Amino acid sequence: MTLLRGFLWLLGFQLLGQAAVEWLSLPVSHAMAGLLLLLVWLLVTRRLNESVATASQALIGQLAMLIMPGVVGVFFVIDEFAGHWTAVMLALVLGTFLSVLTTLWLMQRFMPGDLVSSETQEPRP
Amino acid sequence: MSGWQASIPNGPILAIALTLAAYLGGVRLFERLGRPSWCPAVLIGALLIATGLWLLGIPYRDYQRDIVWLTLLLGPATVALAVPLYQQRQSIFALWKPILCCLPLAAALAACYAVAIAWLLGAPPAVLASLAPKSVTAPLAIGIQEQIGGSLSLMLGGLLITGVMATLFVSWLARLLGIRDPRLIGFTLGVNGHAIGTVRAFELGPTAGAFASLGMSLTGVFTALFLPLVWRLFGA
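Protein chains in written order, with the working numbering: chain B, 1 to 125; chain Y, 1 to 236.
Honestly, the hints are just simulated from the structure, not real lab data. Source: prediction; values computed, not measured. For each residue, glycine too, the CB sits at the ideal point set by N, CA and C. Treat the hints loosely; a few may be bogus.
[Claimed, not checked] Partial list, derived from the structure: chain B residues whose beta carbon lies under 7 Å from chain Y:
# : residue
1 : Ala19
2 : Leu101
3 : Leu104
[Said to hold, decoys possible] The list that follows gives simulated cross-link-like pairs (lysine to any residue, SDA-like), each with its CA atoms no further than 20 Å apart:
#  : chain 1 : residue 1 : chain 2 : residue 2
4  : Y       : Lys97     : Y       : Cys112
5  : Y       : Lys97     : Y       : Thr207
6  : Y       : Lys97     : Y       : Tyr86
7  : Y       : Lys97     : B       : Thr45
8  : Y       : Lys97     : B       : Gln108
9  : Y       : Lys97     : B       : Thr102
10 : Y       : Lys97     : Y       : Ala108
11 : Y       : Lys97     : B       : Met111
12 : Y       : Lys97     : Y       : Phe222
13 : Y       : Lys97     : B       : Ser51
14 : Y       : Lys97     : B       : Arg109
15 : Y       : Lys97     : B       : Leu106
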């Protein structure tokens, strides 16, 4: 029951998101607007009810399974992009390398004080 | 289609059963292989589905139409991401300054590098649009794709490759640069490698895991809000 009640909450916020997107013609998806509305609601009421926590934990645990059907398509669109595979692979591999390097550098630069404090060291597994 | 294939049931139930079986099989195989970071369970599962479709003689289009019954759950699952964000509000508020300085730049560059490289190599707009959300967690990326266009499958494939590459590069570069702070490594994994990076970060420890989910959620929200706007501005 807790799970179902939480699920209904999530659906409710997605519907609210849909209404907001349609009404203001925002360039975001319905679910994305629902996420933001739920976050605002949680921050305002400062109380996370148990059913929402249960349902969200259950759904987030299944994210990998839910995105899998979309991934299957990769094996079927190869022809569509046959001429661009070099560009795609280079963009993904080189682009990811550069962005990882940039993020590490930026974070290191902006939080230097926190970096060396001993309390943040945790035993390595 | 003839012979034994004709008597095989089809429709949404078969599509869902095949997907669940492939997922469970993928996870089992993943564990058996010793949880390799270069081959996530999702990829194994997707390969199993593709094989299953081929064996059963089901056209991909039919599968795509039937599986909507299951993937509809991506909507509420996306809304659910508000909960971990809310639960981590304290760490977000505590580190708001470095996060606020780094995140927009890091998230924007993650998209820009890939789009720029592909553009220089002469890729068409549909490919560029598919690559732009590459560091965003899948449910949000699907929302972005609905807004800016491009191929859903290419985008999800790009997401997958990005996640795996980010995991490899973060471990490698962190060692090279002598970075050991779990918060920084976790955050970088989440920002660049979305869910795949986050799973990896939880293997490194709870602090890295928490910061990875933070990086993943913030990158996702930031990109989902701004990428469609920027895309529209440049009229791509």
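Does Y/Lys97 pair with B/Gln108 here, judged by a C-alpha cut-off of 20 Å? holds, 13 Å
Given the hinted pair Y/Lys97 and B/Leu106, is their Cα-Cα distance within 20 Å? Since the Cα atoms of Y/Lys97 and B/Leu106 sit roughly 12 Å apart, the hinted pair holds (cutoff 20 Å).
Y/Lys97 and Y/Phe222 were given as a pair; does the straight-line alpha-carbon distance stay at or below 20 Å? With Cα atoms ~16 Å apart, Y/Lys97 and Y/Phe222 stay inside 20 Å; holds.
If you take the shortest Cβ to Cβ gap from B/Ala19 to chain Y, is it below 7 Å? B/Ala19 check fails; min Cβ-Cβ to chain Y is 14 Å, beyond 7 Å.
Can you verify the interface hint for B/Leu104: is its Cβ closer than 7 Å to any Cβ in chain Y? holds, 5 Å
Take a quick look at whether Y/Lys97 and Y/Ala108 sit within 20 Å of each other, Cα to Cα. Distance ~18 Å between Y/Lys97 and Y/Ala108 Cα, so the pair holds.
Would the hint linking Y/Lys97 and B/Thr45 be met if the CA-CA limit is 20 Å? violated, 25 Å
Given a cut of 7 Å on the nearest C-beta pair, is the interface hint for B/Leu101 held or broken against chain Y? Nearest chain Y Cβ about 6 Å off; hint holds.
Can the restraint linking Y/Lys97 and Y/Thr207 be considered satisfied, given a maximum Cα separation of 20 Å? Roughly 19 Å between the alpha carbons, so the hint for Y/Lys97 and Y/Thr207 holds.
If you draw a straight line from the CA of Y/Lys97 to the CA of B/Ser51, is it 20 Å or shorter? Not satisfied, since the Cα-Cα distance of roughly 33 Å exceeds 20 Å.
Does the alpha-carbon distance linking Y/Lys97 and B/Met111 stay inside the 20 Å limit? holds, 9 Å
Measure nothing beyond the straight line between the CA atoms of Y/Lys97 and B/Arg109; if it is 20 Å or shorter, mark the hint as holding. holds, 12 Å
The structure shown violates the earlier hints numbered 1, 4, 7, 13.
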